[in-house]
Amino acid sequence: MSYAYLFKYIIIGDTGVGKSCLLLQFTDKRFQPVHDLTIGVEFGARMITIDGKQIKLQIWDTAGQESFRSITRSYYRGAAGALLVYDITRRDTFNHLTTWLEDARQHSNSNMVIMLIGNKSDLESRREVKKEEGEAFAREHGLIFMETSAKTAANVEEAFINTAKEIYEKIQEGVFDINNEANGIKIGPQHSPSNPALGGGGGAGGSQAGGGCC
Amino acid sequence: MAFLQWRRFNFFDKEVVKDEGGQVFDGLKGIDISVCASGRGQIVIGDYEGNIHFLNRNLELSTFKAYELRITHLCQVKQQGILVTVGDDEPGTNPIIKVWNLDKRDKAGNPTCSRIVRAVPGKEASPVSALAVHENLNLMAIGFQDGTVVVYRGDVTRDRHSKSRVIHHTGSSVTGLAFRQAAKVNHLFVVTRDSVQSYNLTAKDHKEELDAFGCEPRCSVLSDASQDNQFVIGRPDAVYFYQTDGRGPCLVFEGEKKTLQWYRGYLVVVGKENKSMPRPTPGGQSRDMSIVNVYDIQNKFIAYSAPLPDVTDVICEWGSLYILTGENRLMQLIEKDIQTKLEMLFKKNLYVLAINLAKSQHFDQDGLVDIFTQYGDQKYSKGDYDGAINQYVKTIGKLEPSYVIRKFLDAQRIHNLTAYLQSLHKAQLATEDHTTLLLNCYTKLKDTNKLDQFIYSKDKEVDFDVETAIKVCRQAGYYDHALSLAERHSQHEWYLKIQLEDIKDYQKALTYISKLDFYEAESNMKKYGKILMSEVPQQTTELLKRLCTDYRPSDIPLADEQTLQGGMPARIHKAPADEFIHIFVSNSSKLMEFLEHMIKVQPSSPSLLYNTLLELYLHDMAHDGSQKAELDRKSMDLLQNTDAHYDVNQALVLCQMHNYKAGILYLYERERLYQQILRYHMDHDEYVHIINTCKKFGGQDPNLWVQALAYFARKEENCRTQMMEVLQHIDRHNLLPPLLVVQTLAHNSTATLAVVKDYITRRLQQENDQIQEDERLIQQYRQETEKMRSQIQELKTSAKIFQVSKCSICNHPLELPSVHFLCQHSFHQHCFEGYAENETECPVCMPENRKILDIIRAQEQHKELHEQFHHQLERASDGFSVVADYFGRGVFNKVTLITDSPAAPPPTGGNPFMEPPDVKPASKPAPKPAAAAAANPFLDEDDANNPFLDEPESTNPFGDEF
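These protein sequences, in sequence, are chains A and B. Read in this note's numbering, the first sequence has 74 at position 74, and its numbers run on one by one without any break. Offset between the second sequence (1-based) and this note's numbering: plus 1000.
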């Protein structure tokens, strides 16, 4: 399976907010109501298409438990994107966001795109964290925000893909050094980094030829 | 703190390996084991004395000396009988690689050594710390304690063509090596104490730094395909997985690891027992205890976990897992069968895990369905109906749906049932009953949305029985749904039934019918025409008109593409109009309209149409006075229409029933039933009409007058004038013998003699005249006969003088030889011979004679025809004249001729004057007396005035009676 880019993601957040379920929904398109505790770090991959380019997402789903923090932290480095997940039915998971964010910023590269996700949006009746609060937090910390439901698959796809888009834009803007794999971005085997920009030269040639013809 | 571990099960049974005699196997006792390997049905053990021991399945041990000092590494290639060893033959750091061919034995029965090479990392010697041989026997990697990895390319078993190359050098001792082959790309994983790398051996040994920490020796292993052939290393904090291009998952299995082994999807980790746990020391002596954990990585549980004393190695061979423990005891871990495992999971209600496990073990569908069913049952019993139904849905196709349906029939759980039934339909496994049930559920739940979805959304394929669905919807009062279903699936009957019987939208039903194709439209009109007629008569009539003339579905353009392109126009269908008449049973005006239209458009319509139309006219005429004139005209037009195919008899009956005089009379006349017309008038005592009728039709049927006479004769009233007139006609045409007239009139008591006086007188006068005429004729004939008789007599008796001087043919003076005939004709012989057809007849008289003879013969032929005679006799008004006529033809003169025949002159004597002598009258023996008589020359006696010629006329005086 060839790809243009490979982006590495991590999913972080308190235990039980639905990180593994988001990953399962995204990679396998299914929902498992009973999910065992994640011991360490799990891994998933999926191909997506952005701007006509195949992009492979490698996602590490980390354990939310405090006791695994030392191991999971080692996975922050080398991630281009992070999904910071909280549970809209549990305020404490929202309250811990600051800690997670600090942790992520400290252990990852500065350009990492972080998406804030309020999961379990299907459980509207048990909501404890308003959507506006999430939005406000995201605005304050420069994050993208989205509410999702791993159960109904609402916005799950979008969450992952929007993050990828953001990273892709940053690449286009030249913010990321794509040759440094520590940034969590890899160029696909057939896309050599020395690929010159053909657009300008080709266009100029074309207009010249057109003038001559007429 | 949460219990941060996977679930633990006991999916393996631990057993001490025993030999055949049931004794604990202790064949390895005393061997100072340095390294173990396995493959090709045997366990290979190297010891610190340079020996290699093979242990086969039957626990038979064989040993040979491979090195002088010791063996440090073993690698048994799985697919071929090749064993690669690393050991020392001499003291000091001088490791030697030996390649053994186990299939080729020397005289002593030991494997032959096919290659011996010194393992040197570079300039300085270093002890070997890791060995890996690629299964394709073309790659071998040796890791050294100084952190060097040497890869040998080329045939492993030979020295030739083998190249070695250092691909890796760090300061840290190499602790593990593993080859990974995937799609023709070979990678080598190298793990040292503080790093993990992968090398792409196919692409210029491209190096990928995977991690910045490593593991102890024997704490790395390559997983199998179930985990994507990831490289696994065990560290005290966790087990880390690596792909060739980066990190994979990481599982926190805490504890110091001694050995990692991969066995059929399981990761076997041998760890040092947690020192913090107080441990009783049986037997006083403290031994190192090890913990053996078997992890199912895919399904995330611990399949086995037990402390074992001092594990030295874990060996996978003979389909099982063997553990070499302290004192060289061999333990076997026997995996329980899947059924047992599942039952264990069921007991703990871990159905999800059971399902995952079954799937990962490629459990068959039936088995999975069993699990789903049990899971469903369990959820059901716990009251989690939603969950239960989700499980039951997965059993669709295997489990009998009724099992599930019965459980959810309770009204409380109808939405669960609905979900199940929906899935059943989606799987296309629903029967009619299921459809019924589902629709009933929808209607019970008043879930119109779902119903809409079910019925309307399935445009392309239908996974339910349409008819059932229509029925149910109809029963439940969801007419619109039923209608749309019926319309979409062309269930015309249902559509109309619902439209007419439930919704009562007749107009729509009618429009619908008009869109159907011809046959459908026809049959449906027959079926529902009555209702439609009673509700929307105008439109129904219009449709029927169309249907019976040139029907085409109303939504098809008049000229379709085919016709436009010059193709043959589609066949025009016409329904027989007579089959629709009954529809109009209570609406005669529409029927009239319909029939008039039909007759106008199709004059060749069957008679029933005309009959019915006539009946309608007459009926209306009889009951509705207002339009009498109009109807009268119409019905007369109909009757007089020559194209009208009405049944005359029926029309007559109708006219009579409704007492429609003009029609009756017209029909009688048309059928030439003049008698009937007369009788009709008689019945109505219309004398003028009787006379008129007689006058009008008397020409065709004279009997009319007779009947009229009889009628008037019976009348007691005074109808003298009529009687007179009738008699006049009877008289004129001589219709009745006078006697009968008198007899007829005699019945009438009022008729006077004056009535018949004229008639009688006239008749008598006529009779008298006739008699006189007849007598005169008789007289005349008698005279003629007499005259002829005398002529004959004269011919017979007196001589005849031939004194003709000229030949009757050439008119020249007669000269000899000549021929003379009694008829006074004479000829030159040469003239006679030239003209005469035969020698006995006069050529001049012959044509005349022939004519007479032919007439006679013709008359004689007639007399044979008795049939004709009888027929004529019966038909003739005057039988006597017929008989007389036949007399005249000679019917009865046969007898006289026979009696005459002997009296006839002999032929020879008959021609005494014949000049040519050779006359052969003898050749005529007169078998037929009539013919002989005809040939008789005496008949020629009278020249043109042949008396026989006149005979038929003259002897038939009665034939000319009128």
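Everything labelled a hint here was simulated from the structure, so no lab data went into it. Misleading hints may appear alongside valid ones.
[As the list claims (entries may be wrong)] Sample of chain B residues at the chain A side, in silico, Cβ under 8 Å:
no. : residue
1   : P1091
2   : D1237
3   : G1248
4   : V1252
5   : Y1380
6   : L1764
[What the hints assert, rightly or not] DMTMM-like mimics (lysine to aspartate or glutamate), calculated; alpha carbons at most 25 Å apart, straight line:
no. : chain 1 : residue 1 : chain 2 : residue 2
7   : B       : K1300     : A       : E124
8   : A       : K56       : B       : E1815
9   : B       : K1300     : A       : E66
What you are looking at is a predicted structure, and each value in this text was computed from that prediction instead of being measured. By construction, the Cβ of each residue, glycine as well, lies at the ideal position given by its N, Cα and C atoms.
Here's how the hints hold up against the structure:
Against a cut-off of 8 Å between C-beta atoms, the interface hint on P1091 of chain B is violated, since the closest Cβ of chain A lies about 43 Å away. A cut of 8 Å between beta carbons decides the hint on D1237 of chain B: the least distance to chain A is about 6 Å, and the hint holds. Here the hint on G1248 of chain B is kept, as its CB sits about 5 Å from the closest CB of chain A, short of 8 Å. For V1252 of chain B, the suggested interface contact is upheld, since its CB lies about 4 Å from the closest CB of chain A, less than 8 Å.
For Y1380 of chain B, the suggested interface contact is broken, since its CB lies about 16 Å from the closest CB of chain A, more than 8 Å. With a least beta-carbon distance of about 129 Å to chain A, the hint placing L1764 of chain B at the interface is violated under the 8 Å criterion. Using a Cα cut-off of 25 Å, the hinted pair K1300 of chain B and E124 of chain A is violated, with the two alpha carbons roughly 31 Å apart. Of the pairs offered as hints, the one joining K56 of chain A and E1815 of chain B is violated, with about 152 Å between alpha carbons and a cut-off of 25 Å exceeded.
Distance restraint check for K1300 of chain B and E66 of chain A: the Cα-Cα separation of roughly 20 Å lies within the 25 Å cut-off, and the hinted pair is therefore satisfied.
Checked against the numbered hints above, the structure violates hints 1, 5, 6, 7 and 8; every other hint is satisfied.
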